[in-house]
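Assembling the complex is the task here: the two chains are given apart, and the hints tell you how they should meet.
First to last, the protein sequences are chains A and B.
Numbered per our numbering, the first sequence spans residues 1 to 163.
Numbered per our numbering, the second sequence spans residues 1 to 282.
Hints in this document: simulated from the structure, not taken from any laboratory.
It is possible that part of the hints are untrue.
A few chain A positions that, by computed beta-carbon distances, are all more than 10 Å from chain B [unchecked claim]:
{"no.": "1", "residue": "Ile36"}
{"no.": "2", "residue": "Gly37"}
{"no.": "3", "residue": "Ser154"}
Here are the simulated BS3-like cross-link-like pairs (lysine-lysine), alpha carbons at most 27 Å apart as the crow flies [what the hints assert, rightly or not]:
{"no.": "4", "chain 1": "A", "residue 1": "Lys43", "chain 2": "B", "residue 2": "Lys266"}
{"no.": "5", "chain 1": "A", "residue 1": "Lys130", "chain 2": "A", "residue 2": "Lys43"}
{"no.": "6", "chain 1": "A", "residue 1": "Lys43", "chain 2": "A", "residue 2": "Lys143"}
{"no.": "7", "chain 1": "B", "residue 1": "Lys150", "chain 2": "B", "residue 2": "Lys98"}
{"no.": "8", "chain 1": "B", "residue 1": "Lys170", "chain 2": "B", "residue 2": "Lys150"}
{"no.": "9", "chain 1": "A", "residue 1": "Lys43", "chain 2": "B", "residue 2": "Lys170"}
From the three backbone atoms N, C-alpha and C, an ideal C-beta is built for every residue, glycine too.
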Amino acid sequence: MISKKVILTGSLGVGKTSLFNRFLYQRFDEKYLTTIGVKVDKKVIEVGGRALNLLVWDIAGEMNQDKVPTTYFLGSSALIYVFDLTRPTTYENIQQDLEYLKVLCPGVVIRKIGNKKDLLEADKLDEILKNVPGAIDFTTSAKTGENVEEVFISIGEQLLKNA
Amino acid sequence: MEPKPGASYESQLFEQLKEIILRDDRIVLEELKAQLNDPKLLEQRVGPLIESQLEVLRQNFPDTYYKVVDNIVQTRLRTSQDEILDTIYPVMGKMIRKYIQKQIASLRREMSEQIYQTFNSGVPGRIRFALFGMSRRDKKKMFARAKMQKVEEAFVVEQHSGILLGSASKGETIDRDLIAGMLTAIKSFVEDAFKKGDKDLEQINYGDYSIHIFNNYNCYISVVVGGSLLPEEREFMEERIQQFAENKLLSILRGDENARHLQLRKGLEDLFFPEPKIRDDQ
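If we strip away everything but chain B, and leave its shape as in the complex, we get (with noise of 0.2 Å):
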């Protein structure tokens, strides 16, 4: 080390001691400098301290930190319970009213086998009497026609144009042409964009009511059920529209255009609406 200009004689003494004693401590101190500005050494010497570290957190999270994370939930569920409910309760009430809805058509179904089993075997006298000589599948058409009893509405719909040829209801309704036209709008909007082969839509689910969509060569028919059909269920009204369409409908369709409306609905009404039968005793 060179002497400092104008530096005294002891002071010059004094660094070179310093510079001597010093030596070994200034080396390590150049080594750790270098270390620490490296980031690949200072990463080799700490890394493995903080994945330590890391592992004992992890380890003992949920013991130490458990009370504070549980106290800030319960806080935050409190404060926001509205806006949880506003978030949750639309998603769970459309899941529990699917569950029933899945629940009752469970039901129906094991009632419709229990109710056929019981009129097949269990029963005497009359009703078994005329029972007598039904196949299996005439017995269950049986009980399906009691679900023709369940339709709500029936549509008469011209293919592609969506124009309401005929319609009947159970009671008052928006106007049918505009369900028509929508329906016809949906129904072209599926069969149009999964291009399914010759594929039709045969059934939309709303809510508690089905629609059960029958097509015809040039029309289609729009039966609107409260709850769900069973396939047996589907079968027999699709057996009886299928009538209805050769023995009726074609004939209406090529009649008078301005009976078309008249006509179509007393078909739909007797198919679906009956009039009570008055026994002979009565």
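For reference, chain A alone in the conformation it holds in the complex (with noise of 0.2 Å):
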């Protein structure tokens, strides 16, 4: 079976470890986050009649070059950016971010992901994705679970196309 390491990223409290927890099951203590600044989880996904392993780190906080080691980001193939559609300010930097991302691990599959859309109406939601610097490539809600599997299965398709 094919292995992968996924990232979960962005900025604090966007809601990256509901998005974990609603995908994964989990098994680790919440300390291990708090202490080194990440968990990990895997969950086997089946693609196209393929079984693909996920191996999925959480990185917790901020998104940031000082706070969070890269080496955490070294040997993936995946990384999910997640911002929270309701606070500007952890989309506005979205492009610079990336761009870092991308030199960090290059040929990495991206997908950008905009969480807490329950929070919204839908032409709120509009009006917002219009600000958002880019294309984005989902709009979930780790609360209902709206398009968190569907995120997961799009990287998991990419990976098996790249492989």
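Okay, structure coming up:
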């Protein structure tokens, strides 16, 4: 079975861990996350009849060059950049952050995710999406589970296509 | 003093008399008032008295208040026994365990040396013959080999990604993919946090176990050992792992990806959990 490392990153409080918990069956205690700033879990998904083992690293806190060990990003095959649709500060630096990550992890599959969709009405969501720099891949809700599975399936498809 | 209007002649005389007789006292009283109202003046007068009283108290405190304090402490200890135990026990438990571990390590070191000395000089016959011609280093290695039996689990993990390439274990364990991932995260954290040149994390101690990490170019081998390893034991293990990496690991990693897990498990089992050899005369 093919195994791939997937990184969850983004600003503080955007819902990375909620997405992580929604997608994965949690086995490690929260203290791992607070102690070393990362929690690792895995999920095997099936894409086009093939099993793919996703090792997901949930990196705590801010996506900042000084605050997160850069080595956490090394060896990753995919990267999920999560931002909070209700807080512009979490997506206003999205382009710079992604440029930095592309240099750090060349060739990595990237998905831009706007989370906390459940907090917004449809017309408000459309208005916000117009203000987010660049194209967004998915809008999700870790609370309701909307589009969470789809994010990982999309990554799996791309990874197997690239393999 | 002016006579008060309307006062009788006697009372005026009496007031004048008071004025004359108490004049000195009034002056003294005014001085005292001034001293009481001025903190600096008051301190000059009262300060030395307080200091001397405090000194007396300091000198006599143990005798005077010993029993009172002792009673308070004893009562507090009696009534809060559970709370005190709850606070002290985790610390004491860890301290005792660490002390025992250190003593066992020290004992093992001594035993190792003793066994080596015995085999080196005192044992006659077949054993001495078998050891004849072996260098001191080789003899030490022979005993270090026994430590390989203490290996509980071994993992081959891809550097950085933390993806498990292969593993072998004496018993059942929790998901090995997760162990490999978290181990890599801890390793990355430590190496990044201290940034001491190109040094790698080599060992993690956990309770009665120690996890030894042997780094290769694009992967690392992590070995979980019951107890700790002496330097010569670690050196021996490192040499064996190096041989395994050169002779088997590289070719397995370059070979069929689907067969990798199985081949690595077999390789690690041969290295750490070999089947007991059957003697010819059995």
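For each hint, the structure was consulted:
The claim that A:Ile36 is not at the interface with chain B is violated, since a C-beta of that chain comes within 10 Å of its own (minimum 4 Å). At roughly 7 Å, the least C-beta separation between A:Gly37 and chain B is not larger than 10 Å, which violates its mark as non-interface. The claim that A:Ser154 is not at the interface with chain B holds, since no C-beta of that chain comes within 10 Å of its own (minimum 20 Å). Between A:Lys43 and B:Lys266 the CA atoms are separated by roughly 26 Å; this keeps the pair inside 27 Å, and the hint holds.
At roughly 33 Å between alpha-carbon atoms, A:Lys130 and A:Lys43 are farther apart than 27 Å, so this suggested pair is violated. Between A:Lys43 and A:Lys143 the alpha-carbon distance is near 19 Å, which keeps this suggested pair within the 27 Å criterion. For the suggested pair B:Lys150 and B:Lys98, the alpha carbons sit about 20 Å apart, so the restraint of at most 27 Å is met. For the hint pairing B:Lys170 with B:Lys150, the CA-to-CA distance comes to about 10 Å; that is within 27 Å, so the pair holds.
Pair hint A:Lys43 plus B:Lys170 holds up; C-alpha atoms about 25 Å apart against a cutoff of 27 Å.
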